[in-house]
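Trainee: All chains should be modelled from the sequences, with the hints used to inform the complete structure.
In terms of full-length UniProt numbering, the sequence shown opens at residue 1 and continues consecutively.
A portion of the hints provided could be inaccurate.
[Unchecked claim] Distance ranges between label pairs, derived from CB positions:
{"hint": "1", "residue 1": "Ser128", "residue 2": "Gly32", "range": "28 to 38 Å"}
{"hint": "2", "residue 1": "Asp10", "residue 2": "Gly96", "range": "41 to 51 Å"}
{"hint": "3", "residue 1": "Glu168", "residue 2": "Asp73", "range": "33 to 43 Å"}
{"hint": "4", "residue 1": "Val161", "residue 2": "Asp59", "range": "21 to 31 Å"}
{"hint": "5", "residue 1": "Val122", "residue 2": "Asp219", "range": "15 to 25 Å"}
{"hint": "6", "residue 1": "Gly132", "residue 2": "Leu11", "range": "15 to 25 Å"}
No wet-lab data here; the hints were simulated from the structure.
Every residue, glycine too, gets a C-beta built ideally from N, C-alpha and C.
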Amino acid sequence: MSDLPVQTVDLDAPGPWWRRRAAWLWDAVLAGEVRDHGSPTEAVYALRFDDIGAVSLPDGRVVAADPYVMDEDPPPFEQRVRAGDVPVVAVRTMVGEDHERVAALVLVAGAQPVTRWEMATVAGQDVSSLAGDGFFGYGVDAGAGSFGSPEAMRVAGPVLVADDGALEDPVSLALFADDVGSSSAVVVAPSDGAPPIAVCSSGWGDGVYPTWCGLAADDDVVVMVTDFLVAGDPYATPEDPVDETPDEPAGPPQRPTSLLRRIFGR
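Mentor: So this is what it looks like as structure tokens:
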């Protein structure tokens, strides 16, 4: 597996929720397990890591999006990584018996220790405008997340639109080669000769997911981490208790599902 940079960030240091969440998540990644503070039992999930390939980033610009629903010309992050081929690691976790999810998708752009975290933003987003547990992220409506260069994403989008949900395009065929699952992750070229993108199933499914940038002491971005919010952190604002008196016995907790999983009934 690609070597993941350590961090020197103080987890107890005060700061906005998102910055503490980012440091907490990376600490869990380095430890190989994550505690879900959002579950009643604070379950601990083991993490496993897979090098899924590398994406070509000619000028270091990165786009992250649900490739099935993104704009024709999706905006790149304001933050950049080193130019070149950048390895991608999928972080998976088993949240139940035979029930695996992708917890994070990671661009590993350097080996220097992470000294601080930033939230990845696109033009027009101002993190100082956020309050509480607020964050910027990309919307997911087809149960997938991805990383790629702007050039690669401009190819992928029209290819997926032209496929019109048949799942016979190169991206879908690669992603679902092992049947539709909740933990698929691949690097694949969206068409012959096109630069590849990294694409994966997105955590619990549809939603909005942030990307954290780990910066070294020289301000180089050494990791970009899309956080699929599979586990709750200890810094989130507690929700107000709700008086629930259902007429019928409540079933198990429901998680959001993606369009693709609704189609295939999984």
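Trainee: Now, for every hint given, state plainly whether the structure supports it.
Mentor: Each hint, compared with the structure:
1. Ser128 <-> Gly32: 28 to 38 Å: holds, 34 Å
2. Asp10 <-> Gly96: 41 to 51 Å: violated, 33 Å
3. Glu168 <-> Asp73: 33 to 43 Å: violated, 24 Å
4. Val161 <-> Asp59: 21 to 31 Å: holds, 25 Å
5. Val122 <-> Asp219: 15 to 25 Å: holds, 19 Å
6. Gly132 <-> Leu11: 15 to 25 Å: For glycine 132 and leucine 11 the Cβ distance comes to about 19 Å; the hint holds.
Hint compliance for this structure: hints 2, 3 are not met, and every other hint is.
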